[in-house]
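Residue-level listing of the chains:
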Amino acid sequence: MSANKRPLSPFMIGPYYKPQMTSVLSITHRATGAGLVVGTLLLVYWLAAAALGPESYKHGQAVIGSMLGQLFLFLWTWALFYHMANGIRHLFWDAGCGFEMEQATKSGWWVVWSSIILTVLCWLIAGS
Amino acid sequence: MSLRTPLALVRGLGAAKDGTHHWWMQRVTSIALIPLVVWFVFSMLFYSRVEYAVFQHWLSKPLNAGLMVTFLVTVFYHAKLGMQVIYEDYVRPEWAMYVALLVTQFALFLLGAIAIISVLKIALA
Numbered sequence: 001m002s003a004n005k006r007p008l009s010p011f012m013i014g015p016y017y018k019p020q021m022t023s024v025l026s027i028t029h030r031a032t033g034a035g036l037v038v039g040t041l042l043l044v045y046w047l048a049a050a051a052l053g054p055e056s057y058k059h060g061q062a063v064i065g066s067m068l069g070q071l072f073l074f075l076w077t078w079a080l081f082y083h084m085a086n087g088i089r090h091l092f093w094d095a096g097c098g099f100e101m102e103q104a105t106k107s108g109w110w111v112v113w114s115s116i117i118l119t120v121l122c123w124l125i126a127g128s
Numbered sequence: 129m130s131l132r133t134p135l136a137l138v139r140g141l142g143a144a145k146d147g148t149h150h151w152w153m154q155r156v157t158s159i160a161l162i163p164l165v166v167w168f169v170f171s172m173l174f175y176s177r178v179e180y181a182v183f184q185h186w187l188s189k190p191l192n193a194g195l196m197v198t199f200l201v202t203v204f205y206h207a208k209l210g211m212q213v214i215y216e217d218y219v220r221p222e223w224a225m226y227v228a229l230l231v232t233q234f235a236l237f238l239l240g241a242i243a244i245i246s247v248l249k250i251a252l253a
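Protein sequences appear in the order of chains R and X. Sequential numbering from 1 applies to the first sequence in the working numbering. Sequential numbering from 129 applies to the second sequence in the working numbering.
Hint data in this document are derived by calculation from the structure and do not stem from the laboratory. Treat the hints with care, since some could be wrong.
Stated by the list, open to error - DEER-style ranges, computed between Cβ atoms:
1) R:E100 x X:E179: 46 to 56 Å
2) R:I125 x X:I242: 20 to 30 Å
3) R:L52 x X:L173: 17 to 27 Å
4) R:L41 x X:L248: 13 to 23 Å
Since we're looking at a predicted model, the values are computed, not measured. C-beta atoms are modelled at their ideal positions from N, C-alpha and C, and glycine is treated no differently.
If we strip away everything but chain R, and leave its shape as in the complex, we get (with noise of 0.2 Å):
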């Protein structure tokens, strides 16, 4: 039998897995990877409109400003801290650490309480 031919694992999402914990996860870190390399176009925007001058660089403020751009940059952040808290989880595996499937779960939770804390402390800091 050809290579191409032979039958394949089906994709974890569909109807052959059933969703976990660690696999939501797992695909959220590539989501989020993905989600921030849109959102580096809101960096570079900035960046830029401020290398123009005073004037692009106060244009540029009341768009990120703006409700949409709050939203984004909202989202951004969680992306952010979720993506380096995992990141820093997935460190600890390639270092050999917390393999256990009770550890991975508690990882887990800790990653997503720790996003959620440092996108809302983020907030209140930019709020006040």
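Put chain X on the given structure of chain R with help from the hints.
Relative to the frame of chain R, chain X by itself:
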């Protein structure tokens, strides 16, 4: 059609000798990004909303400009490595994967260049 197995076709060609480089650089950039992201977020909490002169003064300090450029280089390199893995896993047929990869690479390089030039322009103004 060849009767030789796919494995036989590549045997003896040798390894590319850089199989672990992608994986390793992803880790190196991710470790570097931990302190850089913390610095960036803390700085932006304040400096994203100040007047132009204050922002310009802040970014014109060599340490801040240096950190910002380092942050940008690391972010865009890490982004390229990460997007590559996503495309390699999910985008088929293969040519579409290469197209997506090339377009993303070019776009990320350009975005990084624009961002860094902007920082330098502000810092050296």
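Going down the list of hints, with the structure as the test:
1. R:E100 x X:E179: 46 to 56 Å: holds (53 Å)
2. R:I125 x X:I242: 20 to 30 Å: holds (29 Å)
3. R:L52 x X:L173: 17 to 27 Å: holds (24 Å)
4. R:L41 x X:L248: 13 to 23 Å: Holds: the Cβ-Cβ distance is about 20 Å, inside 13 to 23 Å.
In summary, this structure violates none of the numbered hints.
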